[in-house]
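Go ahead and model the full structure; you've got the sequences and the hints to work with.
One line per chain: the protein sequences are L and S, in this order. With the first letter of the first sequence counted as 1, position 45 gets the number 45 in my numbering; the numbers rise by one all the way through. With the first letter of the second sequence counted as 1, position 293 gets the number 791 in my numbering; the numbers rise by one all the way through.
Warning: the hint list may mix true and false statements.
Part of the chain L face toward chain S, derived, beta carbon under 7 Å [to be verified]:
#1 Leu45
#2 Thr258
#3 Arg262
#4 Ser292
For lysine-lysine, the following BS3-like pairs were computed, each having C-alpha atoms within a straight-line distance of at most 30 Å [unchecked claim]:
#5 Lys265(L) with Lys887(S)
#6 Lys257(L) with Lys238(L)
#7 Lys244(L) with Lys902(S)
#8 Lys371(L) with Lys257(L)
#9 Lys265(L) with Lys710(S)
#10 Lys887(S) with Lys647(S)
#11 Lys902(S) with Lys257(L)
#12 Lys710(S) with Lys504(S)
#13 Lys265(L) with Lys902(S)
#14 Lys238(L) with Lys902(S)
#15 Lys902(S) with Lys660(S)
#16 Lys902(S) with Lys36(L)
Pair by pair, the computed Cβ-Cβ distance ranges are [what the hints assert, rightly or not]:
#17 Gln170(L) with Asp895(S): 53 to 63 Å
#18 Thr881(S) with Glu264(L): 17 to 27 Å
#19 Asp697(S) with Glu234(L): 34 to 44 Å
#20 Gln170(L) with Thr832(S): 55 to 65 Å
#21 Tyr760(S) with Glu66(L): 24 to 34 Å
Please keep in mind that the hints were generated in silico from the structure rather than gathered at the bench. We treat Cβ as the ideally placed atom computed from N, Cα and C, and that holds for glycine.
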Amino acid sequence: MKEKRALQRIREEFQRFTLPEPIKVSHRWALVPKEKNDLLEHALLYLCDWMKIDRAAVFLYDPSRESLIARQLVDQTDVLSGEEEIALMANSPLNRLLSGKRAHLIVDDPNFMAYIPLRAFGNIFGVLRVENLRRKRPFTEADIPLLNDFAHELATALRGVEMAAIEREQVAQMQALHEVSNAIFRSVRLDEMLKSVAQSLIQQLGFDRVKIYLINREGESLESALTMDQRQQESLEKESFPLKRGIHPMVDLILGKTGDERLEKYQRTIIYLPLRTRDENMGVLMVDNLLSQQEIPPEQIPILTAVAGQMGMAIKNARLFQGVEELSITDGLTGLYLMRYFKQRLKEEFYRAERTHGQLSLMILDIDHFKRFNDTFGHPAGDIILSTVAERVLSNARKVDLTARYGGDEFVILLPDTSAEEALLLADRLHQAVSSVPLTLANNNDIHLTVSIGIATYPTHASSIEELIKRADEALYWIKSHGRNRIRLYSFEIPAKN
Amino acid sequence: MANPIKLNLWVMPNAGFDTQRVMQRELNLFRKENPGYEVRLTVHPWHFAWDRLIAIAKRKDYTDPPDVVQIGGTWNTTLAALGALSDITDYLDDIERSDIIRPVWNYCYEPTRTRAYSLPWFLDARVLYYRGDILSDLGVDPEGLGTWKGFRDACERLHNSKWGKKYFALPLPGQREGILIHDLAPWVWGAGGNFLSSDRHFAQFHEPSSLKGVDFYFRMMVDHLIPLLGRDRLNPGDFFSGQFAFQVSGVWPINTLLNPQYPYYRPEVAENYGISVFPSGPAGQVTYLGGSNLAIVGTSQHPHAAWKLIKFLTGVESQVRHSRQIGMLPSRYTALEQLLTGAPSRVAEVFRHSLRVARTLPCAATLGTIERIVGRASQNLMTAVRENKYDERVLNDEMISAGKEADYILSLYE
Numbered sequence: 001m002k003e004k005r006a007l008q009r010i011r012e013e014f015q016r017f018t019l020p021e022p023i024k025v026s027h028r029w030a031l032v033p034k035e036k037n038d039l040l041e042h043a044l045l046y047l048c049d050w051m052k053i054d055r056a057a058v059f060l061y062d063p064s065r066e067s068l069i070a071r072q073l074v075d076q077t078d079v080l081s082g083e084e085e086i087a088l089m090a091n092s093p094l095n096r097l098l099s100g101k102r103a104h105l106i107v108d109d110p111n112f113m114a115y116i117p118l119r120a121f122g123n124i125f126g127v128l129r130v131e132n133l134r135r136k137r138p139f140t141e142a143d144i145p146l147l148n149d150f151a152h153e154l155a156t157a158l159r160g161v162e163m164a165a166i167e168r169e170q171v172a173q174m175q176a177l178h179e180v181s182n183a184i185f186r187s188v189r190l191d192e193m194l195k196s197v198a199q200s201l202i203q204q205l206g207f208d209r210v211k212i213y214l215i216n217r218e219g220e221s222l223e224s225a226l227t228m229d230q231r232q233q234e235s236l237e238k239e240s241f242p243l244k245r246g247i248h249p250m251v252d253l254i255l256g257k258t259g260d261e262r263l264e265k266y267q268r269t270i271i272y273l274p275l276r277t278r279d280e281n282m283g284v285l286m287v288d289n290l291l292s293q294q295e296i297p298p299e300q301i302p303i304l305t306a307v308a309g310q311m312g313m314a315i316k317n318a319r320l321f322q323g324v325e326e327l328s329i330t331d332g333l334t335g336l337y338l339m340r341y342f343k344q345r346l347k348e349e350f351y352r353a354e355r356t357h358g359q360l361s362l363m364i365l366d367i368d369h370f371k372r373f374n375d376t377f378g379h380p381a382g383d384i385i386l387s388t389v390a391e392r393v394l395s396n397a398r399k400v401d402l403t404a405r406y407g408g409d410e411f412v413i414l415l416p417d418t419s420a421e422e423a424l425l426l427a428d429r430l431h432q433a434v435s436s437v438p439l440t441l442a443n444n445n446d447i448h449l450t451v452s453i454g455i456a457t458y459p460t461h462a463s464s465i466e467e468l469i470k471r472a473d474e475a476l477y478w479i480k481s482h483g484r485n486r487i488r489l490y491s492f493e494i495p496a497k498n
Numbered sequence: 499m500a501n502p503i504k505l506n507l508w509v510m511p512n513a514g515f516d517t518q519r520v521m522q523r524e525l526n527l528f529r530k531e532n533p534g535y536e537v538r539l540t541v542h543p544w545h546f547a548w549d550r551l552i553a554i555a556k557r558k559d560y561t562d563p564p565d566v567v568q569i570g571g572t573w574n575t576t577l578a579a580l581g582a583l584s585d586i587t588d589y590l591d592d593i594e595r596s597d598i599i600r601p602v603w604n605y606c607y608e609p610t611r612t613r614a615y616s617l618p619w620f621l622d623a624r625v626l627y628y629r630g631d632i633l634s635d636l637g638v639d640p641e642g643l644g645t646w647k648g649f650r651d652a653c654e655r656l657h658n659s660k661w662g663k664k665y666f667a668l669p670l671p672g673q674r675e676g677i678l679i680h681d682l683a684p685w686v687w688g689a690g691g692n693f694l695s696s697d698r699h700f701a702q703f704h705e706p707s708s709l710k711g712v713d714f715y716f717r718m719m720v721d722h723l724i725p726l727l728g729r730d731r732l733n734p735g736d737f738f739s740g741q742f743a744f745q746v747s748g749v750w751p752i753n754t755l756l757n758p759q760y761p762y763y764r765p766e767v768a769e770n771y772g773i774s775v776f777p778s779g780p781a782g783q784v785t786y787l788g789g790s791n792l793a794i795v796g797t798s799q800h801p802h803a804a805w806k807l808i809k810f811l812t813g814v815e816s817q818v819r820h821s822r823q824i825g826m827l828p829s830r831y832t833a834l835e836q837l838l839t840g841a842p843s844r845v846a847e848v849f850r851h852s853l854r855v856a857r858t859l860p861c862a863a864t865l866g867t868i869e870r871i872v873g874r875a876s877q878n879l880m881t882a883v884r885e886n887k888y889d890e891r892v893l894n895d896e897m898i899s900a901g902k903e904a905d906y907i908l909s910l911y912e
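Shown next as structure tokens:
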């Protein structure tokens with residue numbers, strides 16, 4: 001009767017651990033704290049108080065180390081995550097306890113200890129150790145039934161926590177796949193799509209780092225397209241590997257060679273997945289946990305495989321889109337942007353400068369005597385002149401600058417976040433680049449190209465987009481009426497162009 | 499009165515089961531000095547602490563995360579790269595930087611040495627313990643232990659004498675974990691070798707000078723000066739349990755294993771032990787410096803308060819009290835001098851000297867993986883020794899293969 005009451009008390013105590021929002025699963029044992037440590041801490045504190053025990057600890061069985069590792073230790077009212085490991089030697093009393101050959105183990109004076117197995121649903125979780133070193137009260141056979149009941153209830157609750165964790169994990173994996181899939185189709189622009197996938201993989205699956213390599217358009221090399229770390233910071237470092245066997249295990253993987261020792265050794269911390277469509281290799285997705293040294297759970301592999309499958313097709317589509325977009329926004333002869341696209345970007349940059357109280361400069365560049373060259377050497381030569389000047393401008397402008405064909409022999413260059421002084425320096429560089437090397441035409445005629453460049457800056461010279469273009473044009477017009485081959489920054493003394 | 503600021507502090511069991519008591523004493527003093535602060539202490543074993551810090555860095559929604567954590571010095575770079583720690587560089591102006599024991603700064607910064615993420619709390623340097631009674635009977639002058647040759651000669655004399663039937667020379671650092679990178683480090687450095695190139699792009703532990711150091715150590719196993727098993731085919735124990743004439747260890751045994759109040763204290767060891775600096779190799783004298791740091795967790799809502807706690811715990815007075823209790827060395831010169839003033843002069847002299855020649859492991863984000871590679875190579879070499887197959891070719895093959903593996907890992911990150 002007394003024992004029955006005690007057992008009832010134990011059960012009630014475990015029921016007390018019910019979560020505020022219980023997980024909706026069919027197992028009643030899931031109605032326990034989410035974390036194993038919380039359960040053990042509560043249970044052991046309760047045990048020490050209830051049975052007046054000095055110290056209690058739970059050792060969980062670790063088959064990979066063939067040992068028992070102290071998971072939680074309570075010294076009356078103090079909680080300590082213990083640092084104790086008991087190696088299980090063959091035929092040792094603890095080994096026999098775990099294998100079921102013994103029901104319990106009492107270690108007599110001077111230790112005043114008892115070990116009770118934690119067993120539920122035919123599984124062994126570890127052992128419960130109780131100690132009475134301070135009180136010097138030995139454990140007796142009379143204590144065992146209560147300890148056994150407690151251990152059984154605890155093991156059952158542990159099982160409940162594990163089951164709940166598995167279910168939570170499964171839900172999380174499904175959610176992760178859903179989130180990452182959404183990320184893949186969030187944008188049709190390649191760089192935005194890759195960034196969104198990397199962010200999502202890190203957030204959902206917690207990798208230390210995600211790297212995406214793409215095969216370049218010529219199909220000659222594998223180049224890093226994006227590297228993002230746990231802090232969601234992107235690395236600017238670029239890598240490129242020729243697509244030849246033996247260069248890097250990742251390249252070999254794309255080329256169909258498997259069985260690389262390094263890849264196999266690290267297959268639980270670094271995963272490379274080829275990004276493919278049905279008939280084309282697009283690149284490689286690499287994820288790793290090399291810093292945290294935590295194994296990538298096998299449950300994540302199918303998710304990654306599914307993601308890589310979707311990414312292959314998405315990358316192909318994004319590249320097609322990029323191609324079409326480039327065709328529709330660039331000039332076929334010079335490769336420079338068309339004015340329609342330029343104006344859209346100019347609007348964006350202008351509003352940004354307005355909002356941030358920044359500066360924005362604009363240059364209009366005109367090829368001196370272009371009409372004369374065209375008339376003298378013919379239209380094909382005129383085309384060569386246009387594409388040569390465009391190439392020299394593009395290769396000397398900064399990455400942030402945007403160059404477009406303004407019409408005829410005029411180019412327009414947008415310089416975001418650039419003052420008038422900085423624009424003058426850049427204009428000088430472009431002027432030099434165009435005029436320093438003569439151009440040899442097909443009939444061996446060397447021609448010396450020069451350009452005139454008019455510049456205006458927001459907000460110094462203009463307060464609207466239209467005004468900015470107008471001022472730069474007026475500066476250019478002034479040069480043309482003063483002999484050409486010069487650079488001129490707009491000033492209010494320049495008369496308005498009719 | 500405004501609500502108190504609540505800080506969570508995580509430490510490792512630095513004083514075993516006494517850790518709570520030892521730390522609470524310090525925390526009470528902190529609270530007294532800073533009445534508006536409450537500190538909740540949790541003691542986590544080393545491997546749990548790592549896993550939980552990673553979980554916090556990755557999930558960010560960990561219930562009740564810590565504000566201040568103890569970390570192993572070699573964890574600093576990796577945890578910083580994972581975003582687990584707060585940048586404390588600006589706080590460093592608040593302390594006497596020159597008072598921190600110099601080489602241990604390496605464990606505070608990220609590799610480019612521009613940003614700091616933790617501050618040294620306590621440290622330990624490897625020295626050589628020896629049994630004075632046995633050496634005296636063998637006619638070995640302890641001064642001779644100062645070089646590799648002198649040390650090996652002493653081990654051989656012991657092995658070939660009547661003492662050799664009762665005592666072994668040098669124990670393995672740990673039966674279960676095998677030989678770790680920091681066990682090999684002083685031998686590799688003493689031979690002029692290294693583990694990584696200074697830019698951390700390549701492994702160097704398979705280069706000739708490094709191999710010389712590894713070989714010296716493993717030859718001692720081949721020649722039974724470091725036994726792999728005891729006479730009863732079980733773990734042979736160690737110096738402090740009275741089975742060996744030498745042991746490489748840090749300062750902590752002096753207050754614990756060699757202290758008469760320690761339950762497993764062996765009088766014949768405690769009464770006859772001597773210590774010496776780590777034997778000097780062909781490239782000079784060098785020893786391994788390890789330690790623990792305190793850091794502010796990246797998710798902390800109270801970084802300024804957390805820094806206040808770190809400043810207190812790494813302050814001279816707290817360091818002296820704490821180091822005494824846990825048997826480690828403080829990380830400040832001033833605290834070290836105060837602590838060593840009360841120690842036997844030989845102990846003080848050896849640790850002072852050892853800190854002057856101490857080195858740290860390289861700061862690399864992938865150091866944990868490199869440590870595993872070196873550990874695995876050592877394990878394979880131990881197997882070769884057990885199977886009587888160890889020779890120069892086996893050593894070269896094993897270390898070159900490990901070096902290539904490390905190069906691959908470094909190419910991915912560093």
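Evaluation of the provided hints:
Interface restraint check for Leu45(L): the shortest CB-CB distance to chain S comes to about 14 Å, outside 7 Å, so the restraint is violated. Hint status for Thr258(L) relative to chain S: violated, with the closest Cβ pair at about 17 Å, above 7 Å. Interface restraint check: Arg262(L) against chain S, minimum CB-CB distance 5 Å, threshold 7 Å, status holds. Look at Ser292(L): its Cβ gets to within about 4 Å of chain S, closer than 7 Å, so that hint holds up.
For a cut-off of 30 Å, the pair hint linking Lys265(L) to Lys887(S) stands: about 24 Å separates their Cα positions. Under the criterion of a C-alpha separation no larger than 30 Å, the hint pairing Lys257(L) with Lys238(L) is consistent with the structure, at around 24 Å. Using a Cα cut-off of 30 Å, the hinted pair Lys244(L) and Lys902(S) holds, with the two alpha carbons roughly 20 Å apart. Simply put, Lys371(L) and Lys257(L) have alpha-carbon atoms about 59 Å apart, too far for the 30 Å limit, and the pair is violated.
Our distance criterion of 30 Å between C-alpha atoms is met by Lys265(L) and Lys710(S), whose separation comes to about 28 Å. For the hint linking Lys887(S) to Lys647(S), the alpha-carbon distance of about 24 Å falls within 30 Å, and the restraint holds. Taking the CA atoms of Lys902(S) and Lys257(L), the gap is about 20 Å. The hint holds against a cut of 30 Å. For the given pair, Lys710(S) sits about 53 Å from Lys504(S) by alpha-carbon distance, which is inconsistent with the 30 Å threshold.
A C-alpha spacing of about 13 Å is found between Lys265(L) and Lys902(S), which places the hinted pair at or below 30 Å, so the restraint holds. For the given pair, Lys238(L) sits about 22 Å from Lys902(S) by alpha-carbon distance, which is consistent with the 30 Å threshold. As the CA atoms of Lys902(S) and Lys660(S) are separated by approximately 45 Å, the hinted pair breaks the 30 Å bound. Straight-line distance between C-alpha atoms of Lys902(S) and Lys36(L) comes to about 40 Å, which puts the hinted pair past the 30 Å bound.
Take Gln170(L) and Asp895(S): their Cβ atoms lie about 45 Å apart, and the range 53 to 63 Å is violated. The hinted window of 17 to 27 Å between Thr881(S) and Glu264(L) holds, with their beta carbons roughly 20 Å apart. Separation of Asp697(S) from Glu234(L) is about 22 Å and departs from the stated range, judged on CB atoms against 34 to 44 Å. Between Gln170(L) and Thr832(S) the beta carbon distance is about 56 Å. The supplied range of 55 to 65 Å therefore holds.
The beta-carbon spacing between Tyr760(S) and Glu66(L), approximately 29 Å, falls within the hinted interval of 24 to 34 Å.
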